[in-house]
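A.B. asks: Okay, here's what each chain looks like letter by letter:
Protein chains: 2
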Amino acid sequence: MQGPSPSVREAASMYGTAVAVFLVILVAALQGSAPPESPFPYRIPLDPEGTLELSWNVSYVQETVHFQLLVRELKAGVLFGMSDRGELENADLVVLWTDGNSAYFGDAWSDQKGQIHLDAQQDYQLLRAQRTREGLSLLFKRPFGTCDPKDYLIEDGTVHLVYGILEEPFQSLEAINVSSLQTGLQRVQLLKPNISVPALPSDARTMEIRAPDVLVPGQETTYWCHITELPEGFSRHHIVMYEPIVTEGNEALVHHMEVFQCAAEFESFPHFSGPCDSKMKPERLNYCRHVLAAWALGAKAFYYPEEAGLAFGGPGSSRFLRLEVHYHNPLKIKGRRDSSGVRLYYTATLRRFDAGIMELGLVYTPVMAIPPQETAFVLTGYCTDKCTQLALPPSGIHIFASQLHTHLTGRKVVTVLARDGREKEVVNRDGHYSPHFQEIRMLKKVVSVHPGDVLITSCTYNTGDRTLATVGGFGILEEMCVNYVHYYPLTQLELCKSAVDPGFLQKYFHLVNRFNSEEVCTCPQASVPEQFASVPWNSFNRQVLKALYSFAPISMHCNKSSAVRFQGEWNLQPLPEIISKLEEPTRHCPASRGQSPAGPSTVSVGGGKG
Amino acid sequence: MQGPSPSVREAASMYGTAVAVFLVILVAALQGSAPPESPFPYRIPLDPEGTLELSWNVSYVQETVHFQLLVRELKAGVLFGMSDRGELENADLVVLWTDGNSAYFGDAWSDQKGQIHLDAQQDYQLLRAQRTREGLSLLFKRPFGTCDPKDYLIEDGTVHLVYGILEEPFQSLEAINVSSLQTGLQRVQLLKPNISVPALPSDARTMEIRAPDVLVPGQETTYWCHITELPEGFSRHHIVMYEPIVTEGNEALVHHMEVFQCAAEFESFPHFSGPCDSKMKPERLNYCRHVLAAWALGAKAFYYPEEAGLAFGGPGSSRFLRLEVHYHNPLKIKGRRDSSGVRLYYTATLRRFDAGIMELGLVYTPVMAIPPQETAFVLTGYCTDKCTQLALPPSGIHIFASQLHTHLTGRKVVTVLARDGREKEVVNRDGHYSPHFQEIRMLKKVVSVHPGDVLITSCTYNTGDRTLATVGGFGILEEMCVNYVHYYPLTQLELCKSAVDPGFLQKYFHLVNRFNSEEVCTCPQASVPEQFASVPWNSFNRQVLKALYSFAPISMHCNKSSAVRFQGEWNLQPLPEIISKLEEPTRHCPASRGQSPAGPSTVSVGGGKG
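Protein sequences appear in the order of chains P and E.
Residue numbers 8 to 617, in this note's numbering, belong to the letters of the first sequence in order.
Residue numbers 8 to 617, in this note's numbering, belong to the letters of the second sequence in order.
Bound-form chain P, shown alone (with noise of 0.2 Å):
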């Protein structure tokens, strides 16, 4: 075997980088950078059988994560990154590879055909590689923003990390193609957000919501849907805090988990403990649906603020639970038996609020479709000034947390304030959005609404596989679009979404069919997925779909609840004017900026192969 092509060995010289990583080796010098001791408050596994483990911290001061990859079965070396949707091609990595005699670390991107390059400018800085007992740890950081253009940027929301693991040594790192490795993707919210943790209450108790010695099924995806109750004559408590409860050995498993509470209205809900699309899960089951707590992978604590908390328990409020685990199981491995869930804290000493959370968006209507073949469309929904400033209390609302929601063609969901007509602030955005990660996120910051100003939720769709138009509704195949808002003082307003009004949809249909001569059917008894069923989607009918969507007056859902509207003129309302939008964040790239960051140079290595 030939040694490494002078281009690396150029290349790993020039970065400085060099590293022989197989060694127990200590940076001694560059100490004073690491973080102290046990500083990773957050931790995943990153492939199915959990070889790999992340753990990280944040510091929003330096704008810098810092990152540890436990490698526990190291073979010739591994490349960890991230990536627009998680995909390995156009990705953002590190690899630490071996040509057999060296190893080398280095900051890198792979092309859209999978070949990995070294990058011009190194910005993953390596800290310490460090052989341990659980196997090869790597420490090494990176600022959020770099601004070199084959970089990904880290920003608020989901990130989508990618890895993969190399048998062999490569004789370079352009020698590397990522097809031909063993690759995965791990979805997590990489920057969370740095809140002080509330106290608990000195009377707080727990409960634990899981479903017991769960057998797990060997396929891919399963939804394992458990009913359990409250005690009974449980009164009316706060839930201040959840966390997680993941039975050890399944942290890869266990995808996301939700406690929902059943409809008040019925008197007792049947027991059921097995798939969600089962045969044999009991149709009531399907109204268990308001939300009391949701995990996702990556997640801590949820902690509701000091002054709130979100009332279960007492009169009015039923004491059937549903407990939903996602179990992702791409291995299918089975005979594994789980009891993973929930622990509740929760007081008896009411807090000073009730917690509540209202749905922002999109009606669900087939009056709001995406065509086929969009990359990047886009449906907003309104909560309209006239909503708010009927529905909500003069002091206004705080929104503490936030849960995105769409359907399988979700790429981007964003929720904007805005005041007398300007764009304010952001209450959440996921540039990165997936439907297959859809959390309860705390916010940075408390976003305080009030009466008179307006939210707008936009959701960016790709339809880029579908051949039909894609309409709004409750089918997985149909869209959504929502971000439940979690908030304080509890209101009454339930619901505030929009939907293009039908009537200005059927000037749509009719319009389009007079124009391209060709029949929609328009005919009354035609079903409105029927008729964007056969359009005929040429530029013209996309872009005049646009025009409508951003033109036409709305109807609006301000409700208490589902069924109940807001007394009011709902219909035919006007498209909320915005005079100024907010800018888009931008990276400040000063031209001035050097090579690359003061990093490890030349680093001398000890000892024997380890």
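Any given hint might turn out to be false.
The list treats identical chains as interchangeable, and a pair is accepted whether it falls inside one copy or across any two copies.
[Stated by the list, open to error] With a Cα cut of at most 30 Å, we get these calculated DSS-like pairs of lysine-lysine:
id, residue 1, residue 2
1, K120, K588
2, K339, K157
3, K120, K431
4, K339, K393
5, K431, K419
6, K339, K120
7, K588, K553
8, K514, K82
9, K588, K419
10, K452, K307
11, K553, K419
12, K157, K588
13, K553, K451
14, K120, K419
15, K339, K82
16, K286, K567
17, K588, K431
18, K514, K553
19, K393, K451
20, K431, K452
The set of hints was computed from the structure by calculation and includes no laboratory data.
With the hints as your guide, set chain E onto chain P.
C.D. replies: Here is chain E on its own, set in the frame of chain P:
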């Protein structure tokens, strides 16, 4: 009076550009990078009085422009620079200023309120400041692109130069606001093509087309029309070159000149010498529209390629020529006399090819319209594959020059060549186009057009100051989108232009009518301009008009002369489909770029006040 504020001292020393320029200074150490003697092929006056004179050259290898600015009567300083459309706000500037004690030279920029700031990155590099007999001469250079977001990017096409006169000292750069200065703008093609000048034939003769001894009217704008004629029996010749003759002293007054040949169908034309808008001007002079030569301020001689010439004289060619001189006289100077004109170089030894002029873009028809209050509305005209297939010779034609043309609201013009649905190259582009500066420009690179190619001409309009739609047409308040391309060998194809199919436009008016429940007059007797005038310009109607223009079939003018079409079906033609677009030219701005290019640091200054 106080000394300079600390911030200026700091800034000046920080950027190391402080230099006492009221003295005779020789920056000896920097002369190595100064260009050789008399190295400035291009020269223009900046202000109407000619006290500021700019000379420059272009290095395409270094992507740098060397400027020499002559300040004839220096007061307390001068500012010079570039901006998008000639405004003094948001301009990229060099400023020579004094605080009363010292003088400074620096790269600066003006904000949108006109206040001046020193640039964080100094990209104008002072090479020499010298007192000459004529005045102070400043020699400095600048790269085309600097990667500084505050800087203007010097591109092909029109550049709006701006200047200002500092009448008194300023305590700091930040104390200067452009609104308090005498300022102005001058349009110029800064990046002249780097074309080797073809040799003139040995038998070349010259002919001067001049309006002798014109008494220039004391008003800002005069288009002077002068009829002259070729000698009786003047046989067929080829024009191979022409150059301006500008009366000495009137360099700042003569803005542009064109020579038109009159229509051959009229036996004779009345003689006339007077303002073109005079009521005394004979009607028939409107038939003198065939361009023989065109010159604008800053342009040098225009050479035909060695193998081609523009035919004039002989049978079938009118003996009558119309010279049009545009006098730009903002100071309303009275009594000035001028005899400027154009010198044609022609030969009786006909060259291998006749050159021709072809019109690309939009048909002059009201069906192509721009809504009011649009800041960047694009209209596009096509020369389709079907037309080039039919009309071009198998070996194609070669475009060597181009004159872009719109009326008052035109802001950008570009023509792109596409082959097999893919954009291949730019024929001519002006991203800072001004209707007040319509030069014939030699192309940097001859563009060959083959049968089956498509030529796409797009114009961008700003109708921010209009209240009604601006329709296509001949009127100065109507719009055009034309590229007159100069090419050889001559073909019968004179016009290759398009417009939206009128039937589809009627569908648009119907649609607008039904959709808005307002009445757009669609009765058969209403003219298209009347119909456009009654459209309520809401966002929907604007967007649908855009969708119409980018979707509806077109009507082609594939014409031998303005009235004679090539045989074939030219109505209801499909829009050319473009599957791959040319990428926007991206500037490579490495993050590793240094603070500023190696430039003049502290300069030692000797001698007393001059």
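A.B. asks: Run every hint past the structure and note whether it holds.
C.D. replies: These are the hints, each one checked on the structure:
{"no.": "1", "hint": "K120 / K588", "in the structure": "between (37 Å within a copy, 21 Å between copies)"}
{"no.": "2", "hint": "K339 / K157", "in the structure": "neither (35 Å within a copy, 57 Å between copies)"}
{"no.": "3", "hint": "K120 / K431", "in the structure": "between (41 Å within a copy, 24 Å between copies)"}
{"no.": "4", "hint": "K339 / K393", "in the structure": "neither (52 Å within a copy, 59 Å between copies)"}
{"no.": "5", "hint": "K431 / K419", "in the structure": "within (20 Å within a copy, 34 Å between copies)"}
{"no.": "6", "hint": "K339 / K120", "in the structure": "within (29 Å within a copy, 65 Å between copies)"}
{"no.": "7", "hint": "K588 / K553", "in the structure": "both (19 Å within a copy, 23 Å between copies)"}
{"no.": "8", "hint": "K514 / K82", "in the structure": "neither (63 Å within a copy, 67 Å between copies)"}
{"no.": "9", "hint": "K588 / K419", "in the structure": "both (18 Å within a copy, 26 Å between copies)"}
{"no.": "10", "hint": "K452 / K307", "in the structure": "within (18 Å within a copy, 62 Å between copies)"}
{"no.": "11", "hint": "K553 / K419", "in the structure": "both (17 Å within a copy, 26 Å between copies)"}
{"no.": "12", "hint": "K157 / K588", "in the structure": "both (28 Å within a copy, 22 Å between copies)"}
{"no.": "13", "hint": "K553 / K451", "in the structure": "neither (33 Å within a copy, 41 Å between copies)"}
{"no.": "14", "hint": "K120 / K419", "in the structure": "within (25 Å within a copy, 37 Å between copies)"}
{"no.": "15", "hint": "K339 / K82", "in the structure": "within (24 Å within a copy, 84 Å between copies)"}
{"no.": "16", "hint": "K286 / K567", "in the structure": "neither (33 Å within a copy, 75 Å between copies)"}
{"no.": "17", "hint": "K588 / K431", "in the structure": "within (8 Å within a copy, 37 Å between copies)"}
{"no.": "18", "hint": "K514 / K553", "in the structure": "both (14 Å within a copy, 19 Å between copies)"}
{"no.": "19", "hint": "K393 / K451", "in the structure": "within (28 Å within a copy, 60 Å between copies)"}
{"no.": "20", "hint": "K431 / K452", "in the structure": "within (13 Å within a copy, 50 Å between copies)"}
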